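Participant: Numbering-wise (the numbering used here), the sequence shown opens with residue 9 and increments by one.
It is worth saying that the hints were derived from the structure and are not from the lab. Hints may be right or wrong, so weigh each one.
What the hints assert, rightly or not - Mimicking DSSO-like on lysine-lysine, the simulated pairs with C-alpha atoms at most 27 Å apart in a straight line are: (1) K99 <-> K17; (2) K79 <-> K97; (3) K99 <-> K16.
Claimed, not checked - FRET-style restraints, in silico, Cβ to Cβ: (4) D165 <-> R45: 44 to 54 Å; (5) L31 <-> N137: 21 to 31 Å; (6) M138 <-> I113: 29 to 39 Å.
Quantities reported herein were computed from a predicted structural model and do not represent experimental measurements. Beta carbons are placed, not taken as given, at the ideal position from N, Cα and C, and that holds for glycine.
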Amino acid sequence: MNILRRTKKILENITAYFASITLLLLVFVSFLQVILRNIFSIAFNFLEIIMRNTVLWLTFYGALLVSLRSKHLSIDILPIFLERGKKYKLKRGLDIFVNIFSGIICTILTYLSIKFIIMEIESGSYVGNMLPAWTVEIIIPIGFFLLSITFFLNIFDK
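Please build the complete structure, drawing on both the sequences and the hints.
Facilitator: Have a look at this one:
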């Protein structure tokens with residue numbers, strides 16, 4: 009269990025680091041766009057593209073951080089009506105079920121997003137006529153893969 013917790017902590021620290029850098033990039037690019045547009049009357053379309061894609065990356069970083077910390081949204085209706093001893097067992101069982109279900113869904117989404125990336129590579133589409141689209145969309149299968157691993161790790165971490 010100790011190795012499991014250390015692995016999750018390392019993954020959490022790496023994710024938090026990249027999320028922080030990405031958020032700083034988003035704030036900087038947003039500030040730059042406002043300054044350029046309002047003061048100098050200059051508009052760069054690629055800044056909008058950068059902002060849109062950093063939001064996509066931040067979404068997956070945030071989802072991964074939340075699942076690593078087991079702080080995702082939950083509805084605890086059933087345990088409220090039970091005695092203390094039964095409440096813990098039911099809560100633990102529900103946590104295991106939710107983590108298994110979420111892990112399976114994220115695994116399926118990983119597979120489907122890999123197929124999507126392959127289609128993007130084959131189609132040769134570009135983001136803003138500058139960058140192959142798959143290079144910014146690669147976070148989708150990576151994010152779902154890491155989420156599925158996290159949900160499966162959470163099963164054993166209680």
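Participant: Is it true that M138 and I113 lie within 29 to 39 Å of each other by Cβ?
Facilitator: Distance hint for M138, I113 holds at roughly 33 Å.
Participant: Under the criterion that the straight-line Cα-Cα distance not exceed 27 Å, is the pair K79, K97 satisfied?
Facilitator: Answer holds: K79 to K97 is near 19 Å, not above 27 Å.
Participant: Sort out whether K16 lies within 27 Å of K99, counting only the CA atoms.
Facilitator: holds (22 Å)
Participant: In this structure, is the beta-carbon distance linking D165 and R45 contained in 44 to 54 Å?
Facilitator: Distance hint for D165, R45 holds at roughly 47 Å.
Participant: Quick check on a hinted range of 21 to 31 Å for L31 and N137, using CB atoms only.
Facilitator: holds (27 Å)
Participant: Verify the proposed pairing of K99 with K17, using a straight-line Cα cut of 27 Å.
Facilitator: Distance of about 24 Å is within 27 Å: holds.
The structure is consistent with each of the numbered hints, conforming to all of them.
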